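Quick note on my numbering: the sequence shown kicks off at 6 and runs consecutively.
Careful: at least some of the hints might be erroneous.
Stated by the list, open to error - In the DSSO-like style, the derived pairs of lysine-lysine whose C-alpha atoms are separated by at most 30 Å in a straight line are:
1) Lys16 <-> Lys72
2) Lys162 <-> Lys108
3) Lys72 <-> Lys108
4) Lys16 <-> Lys103
Derived by calculation from the structure, the hints in this document are not laboratory data.
Being a predicted model, the structure only gives us computed values, none of them experimental.
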Amino acid sequence: MLWDLFFSFFKIGFMSFGGGYAMVPVIEREVETHAWLTPNMFADAVSLAGMAPGPLATNMATLVGFKTAGAAGAVVATIGMVLPSLLVMIALAAFFYKIHHNKWVRASFYGLRPIVTGLILFAAVRFAQLGMDEGLITWHTLVSLLITGGVLVAVLKYKVPPIAAILLSGLLGIAFF
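Please model the entire structure based on the sequences and the hints provided.
Encoded structure:
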């Protein structure tokens with residue numbers, strides 16, 4: 006039973022693309038094939054996994070594993086789901102470690118910086134628009150903008166390390182919200 010859980014979720018984790026909800030039909034097929042859950046139990050598991058923090062597919066693996074074989078099943082199914090991603094990331098990290106000094110690779114990453122900055126700025130503006138209340142800036146939006154501006158000044162002018170800026174932003178967000 007534990008091997009079936011591990012292997013099934015390993016296959017799902019290795020072959021699925023498109024995010025959690027795109028993986029639901031694949032998970033459902035495995036669950037039906039092995040008769041691990043009834044259709045109603047599966048629907049409940051999808052709902053619960055969607056509400057729980059974390060990736061939907063990982064939460065599904067944990068829930069199906071737990072319902073099928075208890076705590077051991079939850080651990081085995083979850084490891085099966087995340088192991089393919091972990092292995093791919095280790096392989097990619099090793100590959101990029103070997104080529105990161107290449108001038109073309111460095112130029113490519115340098116060229117991506119403005120794109121990533123633009124995407125982050127777009128997301129920030131979009132969330133700020135959502136934070137508007139009938140055209141007026143809410144206090145949440147104002148505090149967020151002040152935190153963002155302050156952290157930006159800290160990083161650019163005072164050379165605060167980015168990880169410290171992220172931690173500072175998180176702590177300020179917790180303090181104010």
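Against the structure, the hints:
no.: 1; hint: Lys16 <-> Lys72; result: holds (19 Å)
no.: 2; hint: Lys162 <-> Lys108; result: holds (29 Å)
no.: 3; hint: Lys72 <-> Lys108; result: violated (51 Å)
no.: 4; hint: Lys16 <-> Lys103; result: holds (29 Å)
The earlier numbered hint that this structure contradicts is number 3, and it is the only one.
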